[in-house]
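The task is simple: from the sequences and hints, build the whole structure.
Single-letter residue listing:
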Amino acid sequence: MRKNLSLAIVFVLILSLLVGCAPSSTPSGGDKTEPTKAPDSSTPTKAASTEEAEIVDGRFTKTRKITVEVYDRGNEGGSKPEDNFYTNFIKEGMLRDHNVEVTFVPVPRWTEVDHLNNMLAAGEAPDICVTYDYPTIQTYANMGGVIDLAPLLEQYKPMLQDLWNLLGDENIYWNRDPVKGTVWAIEAIRAQVPRINTFVREDWLKKLNISEPTSLEEFENMLYAFKNNASVLLGNDADKMIPFSISFDVGWRANNLLISFVPDNITDEEMFIYGFDSRQLEWPGVKEAVRKINEWYNNGLIWKDFGLYKEGDTTEDNLIKAGYVGSFIHNWDYPYRDGENGIHGTMQRMIGPEAAYIAVDPFKNDAGKYKKLLYQRNDRKVFFPSTNKEPLASLLYLNWISKFENRKFLQIGEEGVTHEVMPDGAIKIIAATGDKIMNSVNNIDYTITINGLDLGDPSLTAKSVALGYAGVDARFIEKAYLVANNDGFTVKNFNVGEIKAEEGMGQVLKEKRDALFVNAVICKPEEFDAVWDRYYNDYLDSGGRAIQEERKAKFEQFYK
Amino acid sequence: MVKTKKSKIGDMIVAFLCFIVILLCLLPMINVLSRSVSSSDALVRNEVLLWPKGFNIDAYKMILGDPKYTWSLVWTAIITVIGTCLSMFMTTICAYPLIYDNLKGKRFINALILFTMYFNAGTIPLYLLLKDLSLLNRPAVLVIPYCLSVFNMIIMRSFFFGIPDSLRESAEIDGAGPIRILVSIYLPLSTPVIATLSLFYAVGRWNGFSDALMFMSNKREYWPIQLLLYNILNNMTSIEVATQEGVTKPAMSENVKAATVMFATVPILLVYPWLQKYFITGVHLGSIKG
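Same order as they appear, the protein sequences are chains A and B.
Under our numbering, read the first sequence as residues 18 to 577, first letter to last.
Under our numbering, read the second sequence as residues 2 to 291, first letter to last.
Derived from the structure by calculation, the hints contain no laboratory data.
Keep in mind that the hints are not guaranteed to be accurate.
Stated by the list, open to error - Just so you have them, the derived chain B footprint on chain A, three or more residues with Cβ under 8 Å: (1) 80–92; (2) 124–131; (3) 363–373.
Beta carbons: idealized from backbone N, C-alpha and C, even for Gly.
The following block contains the structure:
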């Protein structure tokens, strides 16, 4: 009896296991049936003639319906991202110009990838999806869950001129598979590419009568001067002096210094092969740059506790705001952000109107150039899941949103409400409340094909960008913008298709890289080489080497 | 009873250890409380540890003046109360039959229930299930899916086991049915476990945000307070997003941040002293003669 019972239990457990598995395999299985029916590329071509017949002067004869993903930031005082002044502007425009009814689907910004995964698996993702995470798209594309845009783009190109004018072939075909020619997603464009700047306290330079450093040596001397004159600069708080501040993310927070140690003759090929890490860890010369930081650390020029505070912690920001920090490297406009609660705003309030950081350009490479890496000109990735039954209407949406007048309105809003026009024509964004509030800077959540202000005229755009920082003298921004772009370069985009070794390695290698940098900075100078080699080999053994090798092989396959 | 010197020293050591643990729990709370009523300049200078500096309650004024916070707090309270009541009901009616020896297939049912404690299907299948049940983006999704915790049910069942069978048998002799026995004998004797489990459920509901994050994404008006805070804090501190997008949104001052944390924590803390009086075990001792 007992034996029978336990047998029955085992049987039922196995059964329930199988039943339990069934629904989880449906999404991929369900999607898998669709690519045989599609990859949707054949369907639109067949349907093309009928489709085109239904479209007169860019308008569908029958109303089409599409859904569009929009990030939900849950921001303080924000409006509903799926229903507000700007969504109405888009909805009305799309209905007027193309007879397409648009519905927005909010997706939480901070967990967009998880949400997108859920919705794609459930087969209810919006017709137009947006994400920063290309691997997610690739995963679903491999399962047949994403529409190949290549044939559609080719076929409808004449109707998509605004999209082409904005993105160009480069961004549209950024992700084209070098073998199969598939395009799973197009890349939005990043209008502002400055990336990282070096900042020093302008008032300290004046107090100590030092001119802005223009070389590593001068920069170093400046740091020692800050340290040796702590009591002059900070009075009673002299013991809190931090000549140079970094965080656990050394690769980012010393990036301009790292790049200046990279030989000028580094080739595009090398940059690509050793270019997996977003902080350029694998590039030649970086080790020597970190040795320099290690020297500073051991000579007491760097905040001792930097490695203890992880991402999102505000301790370091507060040290900067309180005025204890002489210099640091960060995002090109970092100290000027966030209005009165930001670094500049807080220092002006707590220390005085003279307290300010200014961008400087001290790090020259071996060819005497102030090289610094810029952002690549791509941004979010836009794709259509295979549940999208209106690919043409969706493409027309992307075209509409890329049209200059439309995106300009979305970026700057109404005059007198969200912006004012300066005498020289520059646009100054002002904070709005209520329905016309912009939930994201320049409404990037709606202008899904462009990130960053673009007013058509570059100098006007630059002037307007400089006005975009509440309470900050425009001269600081202009200088920062100039310096950040000075001798700037980007890594060339080599399209070699999917690199299998990179799959799922991002987080692991990121942590290894940060551990490497932090430990190499805080070790004793005589142990530096041993520490670096140990951690670097660990990084390579954990997947870094496989990535390099695959990148090398792919590069040779397609570009040699 | 006279205590020996040895046991007195033992008591003191225990008391001392308890004191340390209490301190470890309390100090961070005091720190956040002090931060929430300090001036933001003092916070930036890192001058506030346990005593507020530049005392002001502007941060609280700001939060209480924002209907988004207050509604979210009320809504969270509503789902906490409903969720806890429902969970206790489900837990009780699940645990109670399992103490009867003459329940047919008891071992089998137990095995099935236990199975769900160790294995689950994962987020995406759950998402699909809730979608097919039309629960997505409906208030009920915050209450129903997690209304029974197997672990808590087992605690309850074990407690029921601890109640002597003879009490039940005597009630049966007096003609009481199972439901009557549950209501009149078992529940009154189980206040400690009911209080404990209610607290588990209530705290879990109050602090829960991942279910709302996944299943309630489109309806902001039904966001519980923790999800609201999660979004607000992320909005300001996510470096990942800042590097991706190259921009950030205005920061919130430090004291407001601390105040929102207090705001979300204090209400659930108030539940503890109220439940305290039920944490008295041994109620049924002496109800039968040994």
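Now the hints, each set against the structure:
no. : hint    : verdict
1   : 80–92   : holds (count 4)
2   : 124–131 : holds (count 6)
3   : 363–373 : holds (count 3)
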